[in-house]
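Protein sequences, first through last, are from chains A and B.
Heads up: the first sequence begins at 8 in our numbering, then just goes up one per residue.
Heads up: the second sequence begins at 18 in our numbering, then just goes up one per residue.
No wet-lab data here; the hints were simulated from the structure.
Incorrect hints may appear among the rest.
With the C-beta cut set under 10 Å, the calculated list includes, among others, these residues of chain A facing chain B [unchecked claim]:
| id | residue |
| --- | --- |
| 1 | N33 |
| 2 | N102 |
| 3 | L116 |
| 4 | L118 |
| 5 | L172 |
| 6 | L173 |
| 7 | L195 |
| 8 | K197 |
| 9 | K212 |
| 10 | M240 |
| 11 | L244 |
| 12 | N299 |
| 13 | F334 |
| 14 | H346 |
Every residue, glycine too, gets a C-beta built ideally from N, C-alpha and C.
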Amino acid sequence: MNDTNAVVEIVNIQEALNKGHEPSQNYLFNLIVYSPTVARSHELKEILSRVTEKFPCRIIQIEKNNDFKANEIKVKVSKEKLGKVGREVICDVINIKVSNSQMDRIPFLILPNIVADLPVYLIWGDDPTIATATLNTLQKFSTRLIFNAAWSDNIQNFSIRILELLKTIKIDSMDITWGLLSGWKNLLSKVFDSEEKLNILKNCKKLKISYVYEKPQDEIEAIYLQGFIASSMGWTLAADELQHEHQKALCYRYNNKDINVILDPVKSSDEKSKTISSFELTAKDGNTINLNSLKKGSKVILHVSSDEKCEMPCTFALSDINRGFNFLKEIFYQSTSEHYKEMLQIISKVNWEK
Amino acid sequence: MTTAFENPLHEHGKVTKIADPCIMVIFGATGDLTSRKLLPALYNLVQDGELPAHFACVGFARREKTHDQFRYEMKEAIDNFSRTKPIDIEIWDTFKEQIFYHQSEFDDDRGYDELNCFLSDLDRKFGTKGNRLYYLSTQPSYFPDIIGRLYKHKLIYPVKEFTNKWSRVIIEKPFGHDLESAEELQKEITQYLDESQIYRIDHYLGKETVQNLLVFRFSNIIFESIWNNRYIDHVQITVAEEIGIGTRGRFFEEAGIVRDIVQNHMMQLLSLVAMEPPISMKADDIRDEKVKIVESIRQIPSLDFDKYAVRGQYGQGFINGLDVKGYREENNVAKDSNVETFVAVKLFIDNWRWDGVPFYLRAGKRLPKRATEITIAFKNAPGSLFCAKGKKLGQNLLVIRIQPDEAISFRMNCKVPGITTPLQPVKMDFKYESYFGAAPPEAYERLICDCMVGDNTLFARIDEVLASWRFFTPLLKKWEKDKLKNFPNYPSGSWGPIQADELFSNIECQWRLI
Numbered sequence: 008m009n010d011t012n013a014v015v016e017i018v019n020i021q022e023a024l025n026k027g028h029e030p031s032q033n034y035l036f037n038l039i040v041y042s043p044t045v046a047r048s049h050e051l052k053e054i055l056s057r058v059t060e061k062f063p064c065r066i067i068q069i070e071k072n073n074d075f076k077a078n079e080i081k082v083k084v085s086k087e088k089l090g091k092v093g094r095e096v097i098c099d100v101i102n103i104k105v106s107n108s109q110m111d112r113i114p115f116l117i118l119p120n121i122v123a124d125l126p127v128y129l130i131w132g133d134d135p136t137i138a139t140a141t142l143n144t145l146q147k148f149s150t151r152l153i154f155n156a157a158w159s160d161n162i163q164n165f166s167i168r169i170l171e172l173l174k175t176i177k178i179d180s181m182d183i184t185w186g187l188l189s190g191w192k193n194l195l196s197k198v199f200d201s202e203e204k205l206n207i208l209k210n211c212k213k214l215k216i217s218y219v220y221e222k223p224q225d226e227i228e229a230i231y232l233q234g235f236i237a238s239s240m241g242w243t244l245a246a247d248e249l250q251h252e253h254q255k256a257l258c259y260r261y262n263n264k265d266i267n268v269i270l271d272p273v274k275s276s277d278e279k280s281k282t283i284s285s286f287e288l289t290a291k292d293g294n295t296i297n298l299n300s301l302k303k304g305s306k307v308i309l310h311v312s313s314d315e316k317c318e319m320p321c322t323f324a325l326s327d328i329n330r331g332f333n334f335l336k337e338i339f340y341q342s343t344s345e346h347y348k349e350m351l352q353i354i355s356k357v358n359w360e361k
Numbered sequence: 018m019t020t021a022f023e024n025p026l027h028e029h030g031k032v033t034k035i036a037d038p039c040i041m042v043i044f045g046a047t048g049d050l051t052s053r054k055l056l057p058a059l060y061n062l063v064q065d066g067e068l069p070a071h072f073a074c075v076g077f078a079r080r081e082k083t084h085d086q087f088r089y090e091m092k093e094a095i096d097n098f099s100r101t102k103p104i105d106i107e108i109w110d111t112f113k114e115q116i117f118y119h120q121s122e123f124d125d126d127r128g129y130d131e132l133n134c135f136l137s138d139l140d141r142k143f144g145t146k147g148n149r150l151y152y153l154s155t156q157p158s159y160f161p162d163i164i165g166r167l168y169k170h171k172l173i174y175p176v177k178e179f180t181n182k183w184s185r186v187i188i189e190k191p192f193g194h195d196l197e198s199a200e201e202l203q204k205e206i207t208q209y210l211d212e213s214q215i216y217r218i219d220h221y222l223g224k225e226t227v228q229n230l231l232v233f234r235f236s237n238i239i240f241e242s243i244w245n246n247r248y249i250d251h252v253q254i255t256v257a258e259e260i261g262i263g264t265r266g267r268f269f270e271e272a273g274i275v276r277d278i279v280q281n282h283m284m285q286l287l288s289l290v291a292m293e294p295p296i297s298m299k300a301d302d303i304r305d306e307k308v309k310i311v312e313s314i315r316q317i318p319s320l321d322f323d324k325y326a327v328r329g330q331y332g333q334g335f336i337n338g339l340d341v342k343g344y345r346e347e348n349n350v351a352k353d354s355n356v357e358t359f360v361a362v363k364l365f366i367d368n369w370r371w372d373g374v375p376f377y378l379r380a381g382k383r384l385p386k387r388a389t390e391i392t393i394a395f396k397n398a399p400g401s402l403f404c405a406k407g408k409k410l411g412q413n414l415l416v417i418r419i420q421p422d423e424a425i426s427f428r429m430n431c432k433v434p435g436i437t438t439p440l441q442p443v444k445m446d447f448k449y450e451s452y453f454g455a456a457p458p459e460a461y462e463r464l465i466c467d468c469m470v471g472d473n474t475l476f477a478r479i480d481e482v483l484a485s486w487r488f489f490t491p492l493l494k495k496w497e498k499d500k501l502k503n504f505p506n507y508p509s510g511s512w513g514p515i516q517a518d519e520l521f522s523n524i525e526c527q528w529r530l531i
């Protein structure tokens, strides 16, 4: 590291933090957020706002800025007051903008400013398949690593890398996409929470998951959802192929029978959310279970039918995972689940790019 | 609860309770509890995606009403009393189609026959599989009759005969009027119900802060290791309300504050504070430990009641500077009523952990403020290093505030800066709201959901209830016999009768000023 040439604009962080410090200020955790690009920073801000609207914490934002001069680094400290008047949540925000060449300096800026004895959550806004010294250093003092499959260019490589990481690191790791899918996972768990319904799933012949497609990352929730079902049910992958218009088809084997899974991108409409829009299951005996997303994805309607009968449709509220507390519970409090690992095992076997 | 079935889609380690499909029938559906608590709780459960999709709710009451009238009233109630506002019209529009009203007298067999047919129709329509949750929100005197008729009309399923569907009954407090009536009620209802089907609700147990008592005690070794008679001087539990009895005059004249608050809510708090660690978090393991505490409470010698228990009744006074009337001037209260609106009790738990530690319980109406708190007062530090001979340091106090402003604080002594060494008590404060935000789920949400899941951890078991009655019944009987001539004996807005202060045997101890 060459200090002499660094163009450093660092305020005295401790002094700035103590300025206007409220004696009763509470913190629940430290949140370190790394963003490799300005565009990702904007995306992360949305996530941060969900956290800061509810929970007092110290946020340390690291933004790599490729427009910065080679040795440039800027630090700004602020206090953000959010929430209703009289019930404001106060968060410290230490914003560090840094050029690529100064990344090595980052852990040294962060370490003295962590609130002691509280969890340290690290949201790594980059693709974890790209090895960096900063990630290696930061993860050593983190309580939890948070990635997002949607920030990775290659979902197969991502799953392989995360599986490797999970073997080596001793801390919990969470994938934001997996967390965001919890509404659907819980819903399916409820729908199939009886011998009768589970038998329909066990006898599945065809499963079609439709999702709203705007950009390639939009398919990841659908990939995860089918992987969750397949790994939970013990299906084994037999074949995969890309069909027309981004549609993907997979063939699983279960009890010596084939199960065809289709991931079907659909065009965006104002009425639907940018996630899973329907789940259509057809069993060998003609039973069908269809779940269709309604009202921007906050509700799902269930239709169950067979050759003989048709159950009354019923509506489920899909828990709003984007709400502050729900999001935080999923991302920060849930342990790395075996279901997640098993799902990664399945999807790591497929070349999703072809 | 579906047993012996493993759902492969259920993520292990994730505490997701899957409520079974069911129909909830609320008896006394036109009462305050339904509109203020039950329907808002159901609505919030729907909003959070916690209610089963295969669900319907039927209000059962005596007044004539259509389904639509009932729905309209319930929408108003949710608008007024839900913790989440405003009402989400799209969610309500779906939910209202699952709400129905059934008019009948509670003792009319035809009404139960019709209910049976109606519920069967709803089963077909909503796929609720015959599962039934009956919520008895009526006068307690109706409980045995309603349960008996439900059984007679095959609306209750004997546990041993039915494994594919369930029926559960939530019973509101009070469970009995004294030991004998509680035993009698238990005898009557267990003709028709197995103990596993009876959910005696105590909404205190559904409060987040009360549930946190177990977490606080048993996940923090620093407190548990000093949680005994070696370090604790005494324990105070206060349930104070600034409101009077309002429109509950008739109920209160029959009950009094011991039956309304102390015998149930306060004994639950006491047992959670004093219990030994359970061997697991399973319902019966926790309840086994709780009941041991209540059964270990030393019975007050009949000649010494006055030394251990003080009763009071509020007279006229001031709350927040405004005139308020006395208890005897309230509606539906006798002008010479002898009913207690305040009680303070000193009791001892005869076990190894608590030997010699007094527990002081007080509850009252028309006290200066609303507050439910548990105070653990620790013994003084030995020696006199920091104060003049014969003087004592301030006690360390651990205060667990149950409501409002849920919090845990710890008072300790600190040196005032300077060249001399005067001491000043200071407080470390943990406030739930500061960390986790406001508006936690209402107690009824958790409890209704638990009942649908079949988890009775947070409901009172019969042996707990009877043990509590066993302790309080002699006291209640004596008070009923010996009318107090000095009632009302405390003005509204005060901390109760002066005699309550005399319960403390140690002159340096007193009720904590809340």
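Hints, one by one, checked against the model:
Taking 10 Å as the C-beta contact cut-off toward chain B, the hint placing N33/A at the interface holds, the least distance being around 4 Å. Against a cut-off of 10 Å between C-beta atoms, the interface hint on N102/A is violated, since the closest Cβ of chain B lies about 24 Å away. A hinted interface residue such as L116/A counts as satisfied when its beta carbon comes closer than 10 Å to some beta carbon of chain B; here the least separation is about 27 Å, so the hint is violated. Checking L118/A against chain B by beta carbon gives a least distance of about 24 Å; that is not within 10 Å, so the hint is violated.
Hint on L172/A is violated. Least Cβ distance to chain B is approximately 19 Å, over the 10 Å limit. Checking L173/A against chain B by beta carbon gives a least distance of about 15 Å; that is not within 10 Å, so the hint is violated. The interface hint given for L195/A is met, as the beta carbon of that residue sits about 5 Å from the closest beta carbon of chain B, less than 10 Å. The interface hint given for K197/A holds, since its Cβ lies 6 Å from the closest Cβ of chain B, which is under the 10 Å cut-off.
Nearest Cβ of chain B to the Cβ of K212/A: about 18 Å, over the 10 Å cut. The hint is violated. The beta carbon of M240/A comes within 6 Å of a beta carbon in chain B, closer than 10 Å, and the hint placing it at the interface holds. Proximity of L244/A to chain B is violated relative to the hint, the smallest CB-CB distance being about 17 Å (cut-off 10 Å). Hint on N299/A is violated. Least Cβ distance to chain B is approximately 13 Å, over the 10 Å limit.
Of the supplied interface hints, the one on F334/A is violated, with its beta-carbon coming no nearer than about 13 Å to a beta-carbon of chain B, more than 10 Å. About 5 Å separates the beta-carbon of H346/A from the nearest beta-carbon of chain B, less than 10 Å, and the hint is met.
Comparing the model with each earlier hint shows violations of hints 2, 3, 4, 5, 6, 9, 11, 12 and 13; every other hint is respected.
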